[in-house]
Amino acid sequence: PFMSAALTIDVLSLFPEMVEAPLAGSILGKAREKGLVEVRCHNIRDWTKDRHRKTDDYLCGGGQGMLLKPEPIFAAVEELRRPETRVVLMTPQGRTFNQDLAGELAASGGHLIILCGHYEGVDHRWRNWWTWNCPSGTTS
Numbered sequence: 088p089f090m091s092a093a094l095t096i097d098v099l100s101l102f103p104e105m106v107e108a109p110l111a112g113s114i115l116g117k118a119r120e121k122g123l124v125e126v127r128c129h130n131i132r133d134w135t136k137d138r139h140r141k142t143d144d145y146l147c148g149g150g151q152g153m154l155l156k157p158e159p160i161f162a163a164v165e166e167l168r169r170p171e172t173r174v175v176l177m178t179p180q181g182r183t184f185n186q187d188l189a190g191e192l193a194a195s196g197g198h199l200i201i202l203c204g205h206y207e208g209v210d211h212r213w214r215n216w217w218t219w220n221c222p223s224g225t226t227s
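First residue of the sequence shown? That's 88 in my numbering, and the numbers climb one at a time after it.
Please note: incorrect hints may appear among the correct ones.
Unchecked claim - Derived CB-CB ranges, DEER-like: (1) 196 - 136: 31 to 37 Å; (2) 114 - 173: 30 to 36 Å; (3) 117 - 187: 19 to 25 Å; (4) 193 - 143: 31 to 37 Å; (5) 189 - 104: 20 to 26 Å; (6) 168 - 132: 15 to 21 Å.
None of these hints come from the bench; they were simulated from the model.
The beta-carbon is built from N, C-alpha and C at its ideal position, and this holds for glycine as well.
Whole structure, please, built from the sequences with the hints as guidance.
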């Protein structure tokens, strides 16, 4: 009989192959093999509408750096979202992603969308959509 995973994770990134590679051989990879978790990595560019598949934009008011445009993120989350979905934005600010948070997310089951932030961040028109703000690359 087919059992659905207790937790489904959709990862949105500009570089999904870089996200997928370490997940295949880790503890998470073993959980995937056992059907405990389903992880799907997506390219944010798949939700762009222009011919160049542009995902970045200049900062409002000028300044150095680029932001992720909100339009492809809105489209991706709208397509992937389910009623129980929680959305996590990986940025340098916010709650530290550690074993306790990983356990909390896993225990609650359901569906998780993780947006991997790039550049100087994400356009703040998107900020009301995420559940948590977790520092990228930070673990404890």
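Does the hinted range 19 to 25 Å hold for residue 117 and residue 187 at CB?
holds, 21 Å
Within 15 to 21 Å or not, the Cβ separation of residue 168 and residue 132?
holds, 19 Å
Given a hint of 20 to 26 Å, does the C-beta separation of residue 189 and residue 104 actually sit inside it?
holds, 23 Å
Look at the Cβ atoms of residue 114 and residue 173 and judge whether their distance stays inside 30 to 36 Å.
Taking Cβ atoms as reference, residue 114 and residue 173 lie about 21 Å apart, which means the hint is violated.
Is 31 to 37 Å right for how far apart the beta carbons of residue 196 and residue 136 are?
holds, 34 Å
Look at the Cβ atoms of residue 193 and residue 143 and judge whether their distance stays inside 31 to 37 Å.
Because 32 Å falls inside the window, the suggested range holds.
When held up to the earlier numbered hints, the structure conflicts with hint 2 and nothing else.
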